[in-house]
Each structure stands twice: as C-alpha cells, then as structure tokens.
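Asks: Sequence:
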Amino acid sequence: MKKERVLSISAGIALGVSGLVASVQAAPMLYVSSAGESAAQAAETNFLAKLKSGYLTEDFESYTAGTTSQSNAIATSVGTFTQDVAGSGGDCDSLGFTCNGGVAILDDGSSPFGGRFATPSGSDNANWLDSMDSEEMTFSLTPGFNALGFYITDPNDVGGRMTVGSTTFTFEDIFGSALGNGNVFYITLFDSEGLGDVTFYANASDDGYGIDNVTVGEVPEPGSLALLGLGLAGIGVMRRRKA
1 MKKERVLSIS AGIALGVSGL VASVQAAPML YVSSAGESAA QAAETNFLAK
51 LKSGYLTEDF ESYTAGTTSQ SNAIATSVGT FTQDVAGSGG DCDSLGFTCN
101 GGVAILDDGS SPFGGRFATP SGSDNANWLD SMDSEEMTFS LTPGFNALGF
151 YITDPNDVGG RMTVGSTTFT FEDIFGSALG NGNVFYITLF DSEGLGDVTF
201 YANASDDGYG IDNVTVGEVP EPGSLALLGL GLAGIGVMRR RKA
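Under the numbering used here, residues 1 to 243 are what the sequence shown spells out, in order.
Because the hints were derived from the structure by calculation, they are not lab data. Wrong hints could be hidden among the right ones.
What the hints assert, rightly or not - In silico SDA-like cross-links for lysine to any residue, where the CA-CA straight-line distance does not exceed 25 Å: (1) Lys52 with Glu172; (2) Lys52 with Thr76; (3) Lys52 with Pro120; (4) Lys52 with Gly66; (5) Lys52 with Gly196; (6) Lys52 with Ser205; (7) Lys52 with Ser77; (8) Lys52 with Gly194; (9) Lys52 with Leu95; (10) Lys52 with Thr142; (11) Lys52 with Asn203; (12) Lys52 with Pro143; (13) Lys52 with Asp173; (14) Lys52 with Glu218; (15) Lys52 with Gly144; (16) Lys52 with Ser140; (17) Lys52 with Ala42; (18) Lys52 with Ser71; (19) Lys52 with Gln41; (20) Lys52 with Pro220.
All chains should be modelled from the sequences, with the hints used to inform the complete structure.
Replies: This is the structure we're talking about:
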C-alpha cells in the first residue's frame, strides 16, 4: 500500500500544514518535523500545546547512563523499550557494551556511537535511550493514550521501517532518502482509537538511533478536531487502517 501525501482537499479535513490534508478515517497518522534541532523543538512545542493535561514525558535523566543501564527491557514512565532482535558486528560490541545485551541509556561520555545525542540540547539534558543497533526494538506505551511524540537522532543511515499496530511506515516514507550521521527530527504519532506497540526495524545489523524526550498524551478532540490540532511543520504521512 502506498503512502498518501494528499496535496488538495478531497473529502478530508485540512491539517493546516503546507496544504497537506487527510481524511478523518486515516489512522494511525505520523508527522515528522523538518531536519534540525530548531525545527524539531518547534514541532515538540506545537505537539505539547495540543494535548490534554496529564500527559507524560520521559527524558531519561533519572537513569544512570552507561553499561549498567543496558538491559533487554527498560521500563520508563511512558512505557517499556525492549530489544526484540539484537544487532551485530558494529560499535554496539564496544566500550563494555554487547550487541545482544539490550537497549541502554547513554550520554556523550558513555556512547560508543557517533551522531546520537540528547535532545533538546541543554545543560539539564544529557541522557537518551539508545537502540544499541537493535535490528528490532519495540516501545510498548503506557495504556490510555492516543498520541506520541519523540526526538530521534541519527535515523535512516541505511533504511528501516516502523510499525504501529498493523500499520507500517518505511523510513523512506518518513525521512526520504538515506541520511548521514547526526540528523535530528521530532516524530508525532496519533491514532484516534488509541496507540498500540510501536516497533522499529533496522535494515542492517549495525545501524541504530537515539530517542529522547518521549511524550505520551491524549488529544482531547475526536475526529476532525484532533487532526486539525496535530498539524505540525513538516511532512504528514497517512496510512488507511486495514479492513
């Protein structure tokens, strides 16, 4: 199934972003900011402003970064990150880490990788959740939320895909062509029926990414109002729910 980048109103609801529109039946929906920290921060600010009170944000600062944090599953305030399939043959087997040891909380001093870093930048934000080059990693959200936002650093060096329930978004859908090291984006996911597990797949056994400032929340307005409220600067990618 091809993604839909609808550039004109067609029995749909305008998202208010660069002419992009989508019908209210589309779920889940994914938005990605333009590349760069400024664009990513603006997208996060917009996203948070649209959520009901009571949303949760995990910045990983309460964890001790380094080898002692590495685990097959790391439980956080927003959900659990689990290594489903380990990578191999890369920097994940260095500096005391092991590729099959799970995901980890890293900082600049402990990271064996280039191009991944804490976001947004600031003296009070040093840690991030790293995939440790997992070929497959699942984020199981805390139940009861229909919207998710997070920073991702160094994605799509060699491609991959993301599944949300039964829906798949390829990294080409999201980011376009393969990227060099050090890019940062802010991604938002929304499903009016509630978000299930989000699973990340890498196309290579030695490629990964960092994730930071993960927010789960609820968009208060149903249907078209929810879609209008989630308009972010960037690209909208829509998948129709399978029958």
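Asks: Now tell me if each hint is right for this structure.
Replies: Status of the hints after comparison with the structure:
1. Our distance criterion of 25 Å between C-alpha atoms is broken by Lys52 and Glu172, whose separation comes to about 31 Å.
2. As the CA atoms of Lys52 and Thr76 are separated by approximately 21 Å, the hinted pair is consistent with the 25 Å bound.
3. Taking the CA atoms of Lys52 and Pro120, the gap is about 22 Å. The hint holds against a cut of 25 Å.
4. Taken as a hint, the Lys52 and Gly66 pair is broken in the structure, with Cα atoms around 34 Å apart against an allowance of 25 Å.
5. Between the alpha carbons of Lys52 and Gly196 the distance comes to roughly 19 Å, so the proposed pair stays at or under 25 Å and holds.
6. In summary, the hint linking Lys52 to Ser205 is not supported, as the alpha carbons are separated by about 39 Å, beyond the 25 Å threshold.
7. For the given pair, Lys52 sits about 17 Å from Ser77 by alpha-carbon distance, which is consistent with the 25 Å threshold.
8. The hinted pair formed by Lys52 and Gly194 meets the criterion: a straight-line CA distance of about 14 Å does not exceed 25 Å.
9. Under the criterion of a C-alpha separation no larger than 25 Å, the hint pairing Lys52 with Leu95 is inconsistent with the structure, at around 42 Å.
10. Among the hinted pairs, Lys52 with Thr142 is consistent with the structure: their alpha-carbon atoms are about 16 Å apart, no more than 25 Å.
11. Between Lys52 and Asn203 the alpha-carbon distance is near 36 Å, which puts this suggested pair outside the 25 Å criterion.
12. A distance of roughly 15 Å separates the Cα atoms of Lys52 and Pro143; the hinted pair therefore holds under the 25 Å criterion.
13. Restraint check: the Cα-Cα separation between Lys52 and Asp173 comes to about 29 Å, which exceeds 25 Å; the hinted pair is violated.
14. For the proposed pair Lys52 and Glu218, the alpha carbon gap of about 6 Å is at most 25 Å, so the pair holds.
15. Annotation: proposed proximity of Lys52 to Gly144 holds, straight-line Cα distance about 12 Å (limit 25 Å).
16. Restraint check: the Cα-Cα separation between Lys52 and Ser140 comes to about 21 Å, which is no more than 25 Å; the hinted pair holds.
17. Distance check on the hinted pair: Lys52 and Ala42 sit about 18 Å apart at the alpha-carbon level, within 25 Å; holds.
18. For the suggested pair Lys52 and Ser71, the alpha carbons sit about 32 Å apart, so the restraint of at most 25 Å is broken.
19. Straight-line distance between C-alpha atoms of Lys52 and Gln41 comes to about 19 Å, which keeps the hinted pair within the 25 Å bound.
20. Straight-line distance between C-alpha atoms of Lys52 and Pro220 comes to about 6 Å, which keeps the hinted pair within the 25 Å bound.
Hints 1, 4, 6, 9, 11, 13, 18 from the earlier list are contradicted by this structure; the remaining hints agree with it.
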